[in-house]
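> Throw the hints in and build the complete structure from the sequences for me.
There are 2 protein chains.
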Amino acid sequence: MSVGNGLGDNSVIEQVGLNISSAMGRNLTYGMLDMLGKAIVTGQYDNQVFPTEAELAKKYEVSRSVVREAVKMLGAKGLLTARPRKGTTIQSTDRWNLFDIDVLRWLLDRKFSLNVLRQFTELREAIEPAAAALAASAHSSEGLAAIKAGFTRMEAAERDEDDPLEADIAFHIAILQASDNPFYAQFRDVVTTALRTSIRFTNRFKGRTASLPQHKAVLNAIANRRPSEAKAAMAALIADVMALIADAERSG
Amino acid sequence: MSVGNGLGDNSVIEQVGLNISSAMGRNLTYGMLDMLGKAIVTGQYDNQVFPTEAELAKKYEVSRSVVREAVKMLGAKGLLTARPRKGTTIQSTDRWNLFDIDVLRWLLDRKFSLNVLRQFTELREAIEPAAAALAASAHSSEGLAAIKAGFTRMEAAERDEDDPLEADIAFHIAILQASDNPFYAQFRDVVTTALRTSIRFTNRFKGRTASLPQHKAVLNAIANRRPSEAKAAMAALIADVMALIADAERSG
DNA sequence: GATTGCACAATTATATGATAATACATACAA
DNA sequence: TTGTATGTATTATCATATAATTGTGCAATC
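Protein sequence lines, in the order shown, are assigned to chains A and B. Numbering of the first sequence is given in our numbering, commencing with residue 1 and proceeding in unit increments. Numbering of the second sequence is given in our numbering, commencing with residue 1 and proceeding in unit increments.
Bear in mind the hints are in silico, worked out from the structure with no lab data behind them.
Same chains, same names: a pair is fine if it fits in one copy or spans any two.
No farther apart than 25 Å at their CA atoms in a straight line, the calculated lysine to any residue pairs in the SDA-like style are these:
1) K38 / P182
2) K86 / N27
3) K58 / G25
4) K38 / N181
5) K38 / F50
6) K148 / E158
7) K38 / T89
8) K38 / R95
9) K38 / T81
10) K38 / F99
11) K86 / R26
12) K148 / D160
13) K148 / D94
14) K86 / M24
15) K148 / R95
16) K58 / M24
17) K38 / D180
18) K148 / A232
19) K86 / G25
20) K38 / G75
21) K38 / A82
22) K86 / S63
23) K148 / I173
Now the structure itself:
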């Protein structure tokens, strides 16, 4: 099945046909989702009209069903919109659902920008202290146990007996969950994704190890049900992260 | 085409067949999305296995393509997941993307959502003061102009020359946008949806009219580039909203 | 009796082709 | 200039067929 259509063959890949194969996802549709999503977010379609269903199907050698379902999912995430006769078009970036983990991952996978990391940390400065305060007043015994477990893992990581990043994440996630507010808990995957990606950066500076005493202060305040203390402790902790980023922005 | 299949005919509607018709959305697929999403969120499938594609297609009298594309969208929003042989299943609520405006709308549309409204306002208590602070230090001239415009609309609404709810929304949205941080700006649609829905509740008590002086304090602080003042003013404003909700929760 | 392997079946996944609906663009008419 | 008809490109919908996946149960084996 030849591919030399009228679209212009500007790359070897295009000539051969982009073989998605379910290696890229759990099936063709999810492979397509990931490939298109990444392409859109990285701006590969910026100065051209987005292809039609038929063109995408031909280019990626999949059926129109696969294309349509992937496009529908990208629509649900705010990246695309489709209209008869008009075609499929990329929505303006302010319509993108940044709290969708796929979108966030695509965003962070691209040429990583300190700017995005800073903006994200600005959000954490609002969310996490508030979550800590809520956790202090509302936590269940299991919630507190999870926070403690996270801290214990951080101590273990200090002794090289656990992964420091995963321990750190576990601690922060546990607090979000302990807030007993689904909107705060919602940031779980977002914080995880963003931290996991940003570690490349922050690792570069310190020998790592997020400050254990600061984390302990947060833990204690929550355990003793002191909301404003927990809030302040968490705010201090994230302020340090922010200072690190500001440093990096200055030094380039 | 008879519908008396083996699914059990427990309602008149089901006997006749649920006619989606594109009146429910811009087309059949979006109608299906809305109908299924609402049904899932309101718990209509809670104690039963979720229907298969074929069953849904028959029940709603649409083709499998329509069902599949709607299901894919609901999957992208975190509500559903599908596996061969296993069928389509509802994901646990902590996987639902609460910052998707459709999901949020379905959540708020259901009865007894005062609790959700309170939890959402707890989030606003963190987000909006921080956004106001950022807006105070980072706002552009257009950003400030939009905030002023929102306030002007609120003044007009006071004189019955504008819709008070829409004016209030415009003010808060403008601040989120002026923060110049896409993660904060992201809350635009969420805040809009939530406020628009919540008006039913808050309307019940006072003649409503969000406090004009309080909003003016926020505006002035931002205009004069005083972040901490803006933050405090906004926090006071939302604390009042929260008090209103707490009142409602007490009185039922 | 427990484990392993195989056949079967249910369900989603994919492909294909046909027709309908939508709405942009153009030409033509008033 | 405005309105109207018509052609046409694209998504929307339907129908049907086949493939892939995987849980279930039965049989074979140890």
